[in-house]
Structures are given as C-alpha cells and as structure tokens.
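Residue numbers for the sequence shown, in the UniProt record's numbering: 1 to 121.
I should point out that these hints are in silico values taken from the structure, not numbers from a laboratory. Beta carbons are placed, not taken as given, at the ideal position from N, Cα and C, and that holds for glycine. Be careful, since some hints might not be right.
Claimed, not checked - Label pairs and their calculated CB-CB ranges:
#, residue 1, residue 2, range
1, 118, 62, 57 to 67 Å
2, 109, 58, 55 to 65 Å
3, 33, 76, 22 to 32 Å
4, 118, 81, 46 to 56 Å
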Amino acid sequence: MELEEQDSLLDETPQEEQVSAEREPSEAEQQEETARLEPYLELLREVPDLQKSRVLPVEVMRRIAQGESPLNAYRAYENGRLKAELDLMRHRSAAPGSVRSTAYAAKRDSFSAGFDEGFLY
Numbered sequence: 001m002e003l004e005e006q007d008s009l010l011d012e013t014p015q016e017e018q019v020s021a022e023r024e025p026s027e028a029e030q031q032e033e034t035a036r037l038e039p040y041l042e043l044l045r046e047v048p049d050l051q052k053s054r055v056l057p058v059e060v061m062r063r064i065a066q067g068e069s070p071l072n073a074y075r076a077y078e079n080g081r082l083k084a085e086l087d088l089m090r091h092r093s094a095a096p097g098s099v100r101s102t103a104y105a106a107k108r109d110s111f112s113a114g115f116d117e118g119f120l121y
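Generate coordinates for the entire structure from the input sequences, incorporating the hints supplied.
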C-alpha cells in the first residue's frame, strides 16, 4: 500500500505544478488590472461623492483620454466649475437691483390697484 501511496503522490506533483503554472499568469493579470484601476480608485478615495453618481463629467473623460490622471482631471474640472460659480456670485452681488421699487407696491390702496389693473389688460 505504501508504494501505491507514493505513486499517487508522484502523480499529483506534476499536476500541482501545472495548476500553479496556470495561476501565475492569472495573478500577473490581476496585478496588471489593479495597476490599471489604481488611479480611478485614488479618485474615488479623494472624491467619495462620485460613487453615488457613477458617471464622470464629459470634460473629465476628455482629459483622461488625453493622458491626464483621473484625479488631476477631476480637480481641474472642479476648479473650473467653482471659478465659474464664484464669478457668477460676484456679478450678482455687483448687479443693480430691480428698477421697480418694492416700497411703492406696499403703499397702494385698493382704488389704485383696481384702476391700474383695468388698464393693464
């Protein structure tokens, strides 16, 4: 019986080597895939809100296609968006208000309101 066990062990050894040889390319492929996805994982770690939307803005995708890292592309996009928002806020605060006075509407009586309404329509 010992000889049969030894024979079976000898038979299994080449199969195990063959199986481990098959695993090596798969591990190399996994490492390659991990290296390829690492910039995107870094982006998700830095900007967790992107996990909810699951879609990157077109400008970010364009920059990534041009060779920029995903994190840098998103930061450039966000920086541009925030600058535009800040400019809009500055213009709103510097813009004059409505030409029409809000104080006048409160002083109107019912006769004047009815009179004006008759001529507006």
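Structure-based check of each hint:
1. Judged by the Cβ atoms, the range 57 to 67 Å given for residue 118 and residue 62 holds: they are separated by roughly 58 Å.
2. Remark: the range hint 55 to 65 Å for residue 109 to residue 58 is upheld by a beta-carbon distance near 56 Å.
3. Checked against the hint of 22 to 32 Å, the pair residue 33 and residue 76 passes, with Cβ atoms roughly 26 Å apart.
4. A hinted range of 46 to 56 Å holds for the C-beta pair residue 118 and residue 81, which are about 49 Å apart.
Checked against the numbered hints given earlier, the structure satisfies every one of them.
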